[in-house]
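Given next are the chains, with one letter for each unit.
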Amino acid sequence: MKNKMIGAAAAVLAVSAALTGCSGSSQGQGDAPKTIKVVYSDSNSAALVSWFTDVTAQFEKSNPNIKVDLEPIKGAVTDYYTKLALMNSNPSTAPDVIYEDSFQLKSDAEAGYLAPLDANLAGWGDWSQYSDSVKRAGQGSDGKTYGVSVGTDARALWYNKEIFAKAGIAVPWQPKTWDDVLNTARTIKSKVPDVTPLNVYSGTANGEGSSTQGFLMLDYGAKNGGLTDTSGKWLTGSTGFVHSLGFVDTVYSEKLGYGPQVTSSTNYSTQVRTQDLPAGKLAIDLDGSYIPQNWGATAATPWPEWKNVMAVAAMPTEAGQAHGQNSVSGGWTLAVGGKTKAQDAAFSFISTALNKDNAKKLAINYSLIPVRHDVATDPGYLASDKNAAFFAGLIPDTHFRPATSQYAQVSSQIQVATEAVMTGQQSPADAAKAYDNAVTGIVGADNTTKGK
Amino acid sequence: MTSSATTPADHPLRARRTRVLRARKVARSLPLLPSIVLIAIFLLGPIISSFYGSFTNSALTGAAAQNPSFVGFDNYVNLFKSPGFPGAVILTIVFIFGSAVIGQNVVGMLLAALMRSGGSVVSAIVGTAVVAAWVLPEIVSAFAAYAFFSEQGTLNNLLSLVGIDGPNWLFTFPMLSVILANIWRGTAFSMLVYSAALQDVPPEITEAAEMDGASGAKRFFLITVPMIRGSISTNLMLTTLQTLSVFTLIFVMTAGGPGTASTTLPLLAYQEAFKFSQLGYGTAIATILLLVGAVFSFIYIRALKPEVD
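Protein chains in written order, with the numbering used here: chain A, 1 to 452; chain B, 1 to 309.
Next comes chain B alone, as it looks inside the complex (with noise of 0.2 Å):
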C-alpha cells in the first residue's frame, strides 16, 4: 500500500481502529488503578494534610486542640526566627553529609571495589557481616550502637584493654556517633548496589585502558565511575533520602542531646509536636523536610544526568 492510498473507505475502519487501541489502552491501565488509589489515600493525603496542618496552630492540648484556626504562614515565620532552628538544619546537614554522601557512599563502594578483587571467602564474609547490620530492624541496631558507645560500652572496654580511658561518646561527641553508627547501618545498602553496578562494567573496557598505561586509580576515576554514574546518582538520592529522615537511631542513642547537640530537624519537629504539643509548628518542620529532600534529589538528578542516552 502506499502512501497515498488513502480511500475514503479507510477512514472509518481506521477511526474505529484507534477507537479500538484507546479503549484497550484505557482497559490496561485499569489494573494500576488500585495502586494509584492507595498511593492517592496512604502518601498523598498525608502530605496533603501536613502541608495545611503546618498553616494552622493545632496542638495536642490547650484551647487549640479543639478548634485550630488558620494562621497563615505564622509556623514557618517563627520557625525561621527560633533560635534552635538553624543548628537543626546545619545537624541534619553535617549528619547527611557525613553519614550518607561521604560515609556510606565511599565506605560502599570501597568494600564494593576491594570484594571484587578480594578472595570469595573473604568478601563473602565481610558481605554477610555489612549486610547483617543492614538487615537488623532499625530499633535494635540503634541499641546496640549505643550499647557500642554509651560509656561502659564495647568501644571503651575495647580501649580500656590498651589503656586508653575513653570519654563518653554520646556525651562529648554526640554527632560523631550518631554518624558513625548510620555508617555502620547503612553502608551495606550502598556497597549493593555498587558491587551490582561494578559487575556491569565490561572488562574488556578497563582492559584496554590498562593496556594503554592507565594506573588503577585513573582507571577508576576516569573509565569505572563515569560508566556507573547512573547508580551513583540512584544510590546518592535514596541513601540521601533515607539519612533525611532518620530518627530512632538518634532518638535511642541520644534523644537529640546533650542540650540541642545533636537535634536534628525529624529530631526537632517530634519534639515540637509531641513533646511541646505544638503539632501545627512540628509539621511546618515535617513540611521543611519535604522540601528540603526536594531540594536534594533535584540536585542529584541534574547534576549526575548523563549526557547522552
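Excised from the complex, chain A in its bound form (with noise of 0.2 Å):
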C-alpha cells in the first residue's frame, strides 16, 4: 500500500515536471521553433475554414521557426463566445492569436483576455489602409487598439425575385414603410402559401443573430429607437422599444414568419441560410450582407444561381423617416491573446492574415464588406460582388451596437423580450417593461435614461 502511494506521488511529480517542463520550453524566446496557437469560430463556414488554412500555410512557409496551432471550434457562435472565455481564463489553454467578435472586444480587454497592439500598429505600414472609424471598432474602453478589423457587415432585405414573380409583385422591390414590408409578406402568404413570407429572427436560440439580424435592425429605425441616448445612457420606457416588438408580434402572431419548430431551435439561421433560400421556401429574410458566403463553390451548400434569384432591398424606417433607411453594422477582428508568450509572432500573424491579398481574399470568399481602403477600391473585389454598392451606400445609415462591455448581457435581455413576444408570453408593452428592468438591474439606475 504504502510503496504504491509513494510510487503514485513519483508518478504525479514526474508527470508535473514533465507539464512544466513543456510550458518551459514554448516560453523561449531563442531560435528554437516555437508554436502559436490561433483560435476562430468554424459555425459551418467553409470560406473561413479555408481563408484561415491559407493564411497558416502562408505564413508557416514565410517564418520557418515559429508553428501554428489552428484551432477552429466547431458549433454555434454563442458557444463559441463562452468556449473562448473558458480558454481565455486559464494561462495553459488561452491561444495567442483570436478571431473576436468586435461586439466582445471591450468586455474582453477588460477582463484581460487581450493584449494591447499599440506598440506593434505603430511599426505596420499598412495600418494606414484603415479609416478611424474602423480603428476605434478594435479600441477598448482604455483606448489603446486590442483587435484589428477583417472586415465590416450590413444588413437588410433579401428576397426571392422568383417568388415575388409568382405572388404579382414588381420587382426591383423597395419597401418605404414597416407596413410595405408587412403587406408585402401577406400579399406572399395569400398567393404562394407554401413558402415562409418574412424571416425576422427573433429569440434566444439564435442568439446574437435575433439582435442584430432582428430587433436592431427594427429598434435603429423606428421613431423614437435605439438602445442608448447620445451620451450612452441605456433607454427605459421607449415607445421605438414597443413599437419594435410590436413588429415582430405583428410578424409571429400572423403566421408571417417562421413557426416555433425552426425559431426554437440553435440551427435556425443555418436552415435558413443554406435550406429555405435555395430551395426557394423563404420570400423575404432580414439578414447580413455576408449570407452569399453560404452559396460559394467551396461551401457545403453551393448555389450559383443565387446571382439571379436574390436580389436586396433596404430596410425602411418605421414611417419612412430620416433618410428612410436603417441598417446595423458589425463585423469581426483579430486580436492577440493576453496571456501570451509570443506576442510578436502572432501579431506578425495577423499582419500576414490582413495583408491586401489575404485581406481581398475574405472579403470575396467570406462576403464581407472591406474595411482597407486599397481593397474597398480593388477593381478585383468590386467585379467580384455585384451588392458591394448597394451594401456600401447603406453605410451612412448603419448603426453600431453599443461598445460598451455591458452590451452582451443586454443584448441577452432583447432576446428574451423578442421571444416572450413571440411565443405570446407577452404583450409588446409587458415585455418592454420586463426589459427596463432587466436592463437597469444590469447598468444600473444612474446609466439609465427615460426614452420618449
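Because the hints were derived from the structure by calculation, they are not lab data. Even glycine gets a Cβ: it sits at the ideal position worked out from N, Cα and C. Possibly wrong hints are sitting among the right ones.
In silico DSS-like pairs for lysine-lysine, Cα to Cα no more than 27 Å straight-line [said to hold, decoys possible]:
| id | chain 1 | residue 1 | chain 2 | residue 2 |
| --- | --- | --- | --- | --- |
| 1 | A | Lys166 | A | Lys307 |
| 2 | A | Lys166 | A | Lys255 |
| 3 | A | Lys176 | A | Lys166 |
| 4 | A | Lys450 | B | Lys81 |
| 5 | A | Lys307 | A | Lys176 |
| 6 | A | Lys360 | A | Lys386 |
| 7 | A | Lys83 | A | Lys341 |
| 8 | B | Lys81 | A | Lys233 |
| 9 | B | Lys81 | A | Lys433 |
Sample of chain B residues with no beta-carbon within 12 Å of chain A, all distances over it, derived [said to hold, decoys possible]:
| id | residue |
| --- | --- |
| 10 | Arg16 |
| 11 | Arg17 |
| 12 | Gly45 |
| 13 | Met115 |
| 14 | Gly127 |
| 15 | Thr154 |
| 16 | Met237 |
| 17 | Val292 |
| 18 | Ala303 |
Join these two chains into a complex; the hints should help.
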C-alpha cells in the first residue's frame, strides 16, 4: 500500500515536472521553434476555414521557426464566446491569436483576455489603410487598440425574385415603411401559401443573431428608437422599443414568419441560409450582407444561381422618416491573447492575415464589406460582388451596437423580450417593461434615462 | 476473574492493551485515507469553491473576470428580486414532484408489484424494456425523447394513424413533455429498488393478512408499504436528488423554452453562468440547488424513519 502510494506520488511529480518542462520550452524566445495557437469560430463556414488554413500555410512558409496550431471551434457562434472565455481564463489553454467578435472586444479587453497592440501597430505600414472609425471598432474602453478589423458588414432585406414573380409583386422591390414590408409579406402569404413569407430573427435560440439581424434592424429605425441616448445612457420606457416588439408580434401572430419548431432550434440561421433560401422556401429574409458566403463554390451547399434569384432592398425606417433606410453593422477582428508569450509572432500572423491580398480574398469569399481602403477600391473586389455598391450605400445610415462591455448582457435581455413576444407569453408593452427592469439591473439606475 | 480483582499488576497491562487497540484502530482506518482525500478534493473542494464563488461578482468576461471582488449577498439579493427566479423554483418543484416523487416512484412500484404477479416471460420483457431506457446514456435518451415528442416525431405520427393531429408537444406542453421523458428514463431505477424490496417481504405475513380477510389494497397499504418504508425513503431521496440535477434531458428537448416555460434551476444556472457570463450569479443558483437538495433529503430521512429498530 505504502509503496504504491509513494509510487503514485512519484508519478504525479514526474508528470507535473514534464508539464512544466513543456511550458518552459514553449516560452523560450530563442531560435528554438515556437508554437502559436490561433483560434476561430467555425460555425459551418467553409470559406472562413479555407481562408485561415491558407493564411497559416503562407505564414509558416515565411516564418519557418514558428509553428501555427490552428484551432477551429466548431459549433454555434454563441457557444464560441463561452468556450473562448473559458480557454482565456487559464494560461495553459489561452490562445495567442483570437478571431474576436467586435461586440465582445471591449468586454474581453477589460477581462485581460486581450493584449494591447499599439506598439506593434506603430510599426505596421498598412495601418494607414484603415479609417479612424474602423480603428475605433478595435479599441478598448481604455483607448488602447486591441483588435484589427477583418471587415465589416451591413444588414438588409434579401428577397427571392422568383417567389415575388409568382405573387405578382413588381421587382425591384423597395418598401418605404414597415407596413410596406408587412403588406408584401401578407400578399405572399395569400398568393404563395407554401413558402414562409418573411423571416425576422427572434428569440433566444439564435443568440446574438436575433439582436443584430432581427430586433436592432427595427429598433434603430423606429421613431424614438435606439438602445442608448447620445451620451451613452441606456433608454428605458422607449416607445420605439415597444413598436419594434409590435412588429415582431405582428410577424409571428399573423404567422408571416417561421413556426416555433424552427425559431426554437439552435440551427435556425443555418436552416434559413443553407436550406430554405436556396430551396426557394423563404420569400423575404432580413439578414446580413455576408450570407452569400453560404452559397459559394467551396461552401457546404453551393448555389451559383443565387445571383439571378436573390435581390436586396434596404430595410426601411418605421414610417420612412430620416433617410428612409436603416442598417446595423458589426464585424470581426483579429486580436492577440492577453496571456500570450509570443506577442510579436502573434502580431506577425495578424499582419500576414490582413495584408492586401488576404484581406481581399476574405472580402470576396466570405462576403465581407472590406475595411482596408486599398481593398474597397480594388477593381477585382468591386467586380466580384454585384451588391458591393448597394451595401456600401447603407454604411452612412448604419448603426453600430453600443460599444460597452455591458452590451452582451443587455443583448441577451433583448432576445428574451423578442422570445416572450413571439411565443405570445407577453404583450410588447409587458415585454418592454421586463426589459427595462432587467437593463436597470445590469447597468444600474444611474446609467439609464427615460426614453420617449 | 471477579470484577473486584484489580491488582496493581493489571493496570500497565490493560493500558498497554488499549494502546495497542487504539494503534490498530488507526492503522485499520488508514486505507480509508485515500478515499477521504479524494472526496475532499473532488467533492468538498468544488462545493466550497462554488459556495465562495457565489459571494463574488466573478464573470466570464468584462473587468470582473480579471479581478473578481467579494460582493457579499448581492447575488442572492438580486436572485430573489429577479422575476425569473420564482418561476424557475416552481418549475423545478413541479418537475421533481411530477417526474420523481409521483411519476418514477408510483410507476416503478406499480411495475414491481405487477411483475411479481405476472408471468416470468412477461416480466422479463417488461423489465428489459424499462431498464433499456435507464441504461441509455443521458444524451442518447434525450435525443430519443426529442425525436418522440417533436412536431414530426413518433408520437404525432402515431396519433395521425388514428386521425388525431397532434400539437407540437415540446412547444405547447414543454413541462409535460420533459416530465414524461424523465419518468420514462428514470422509472427503471425505482422498479429495481422496489422489486428487491418486495422480495424481502415474507409471504407468511401477507398470507396471514389474507386469511384475516384483508383485501388486496389493504394488504398492500397496511402490510407491504410499512414493511418496505426504508426502501421507499431511500428511493425517494435518490430519485429526488437525481431529478433535481437533471440538465441534459431538458436542455436537449426544450433548452428551457419556449421563453422560460421549462427553465428549471439547473438550466437557469447554466444560462446565467455560461450564456450571460455571470459566473458568480450562476454559482449562487447552484448553491440554492444544493440547499434545496439538502432540505428534501432531510424531510425524507425524518418523515420515513422507522420508528423502532
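Hints and how they fare:
1. Taking the CA atoms of Lys166(A) and Lys307(A), the gap is near 18 Å; set against the 27 Å cutoff, the hint holds.
2. A distance of roughly 20 Å separates the Cα atoms of Lys166(A) and Lys255(A); the hinted pair therefore holds under the 27 Å criterion.
3. With a C-alpha separation of about 22 Å, the suggested pairing of Lys176(A) with Lys166(A) holds against the 27 Å cut-off.
4. For the hint pairing Lys450(A) with Lys81(B), the CA-to-CA distance comes to about 22 Å; that is within 27 Å, so the pair holds.
5. Between Lys307(A) and Lys176(A), the direct Cα distance comes to roughly 24 Å. Compliance with the 27 Å bound is thereby established for this hinted pair.
6. A threshold of 27 Å between alpha carbons decides the hint, and for Lys360(A) with Lys386(A) the separation of about 15 Å falls inside it, so the pair holds.
7. The suggested pairing of Lys83(A) with Lys341(A) holds, with an alpha-carbon distance near 21 Å, which does not exceed 27 Å.
8. For the proposed pair Lys81(B) and Lys233(A), the alpha carbon gap of about 23 Å is at most 27 Å, so the pair holds.
9. Between Lys81(B) and Lys433(A) the CA atoms are separated by roughly 15 Å; this keeps the pair inside 27 Å, and the hint holds.
10. Every CB of chain A lies more than 12 Å from the CB of Arg16(B), the least distance being 26 Å, so the non-interface label holds.
11. Here Arg17(B) stays apart from chain A, with its beta-carbon at least about 26 Å from theirs, past the 12 Å limit.
12. At the 12 Å boundary, the C-beta of Gly45(B) stays outside the reach of chain A, the nearest C-beta of that chain being 17 Å off.
13. For Met115(B), the condition that its CB be more than 12 Å from all CB atoms of chain A holds, with the nearest at approximately 38 Å.
14. The beta carbon of Gly127(B) sits about 36 Å from the closest Cβ of chain A, which is more than 12 Å, so the claim that it is off the interface holds.
15. In this structure Thr154(B) is separated from chain A by more than 12 Å, as the shortest Cβ-Cβ distance comes to about 15 Å.
16. No Cβ of chain A approaches the Cβ of Met237(B) within 12 Å, the least distance being about 33 Å, so the stated non-interface status holds.
17. Residue placement check: Val292(B) keeps its beta carbon more than 12 Å from all beta carbons of chain A (closest about 24 Å).
18. The beta carbon of Ala303(B) sits about 37 Å from the closest Cβ of chain A, which is more than 12 Å, so the claim that it is off the interface holds.
Checked against the numbered hints given earlier, this structure breaks none of them.
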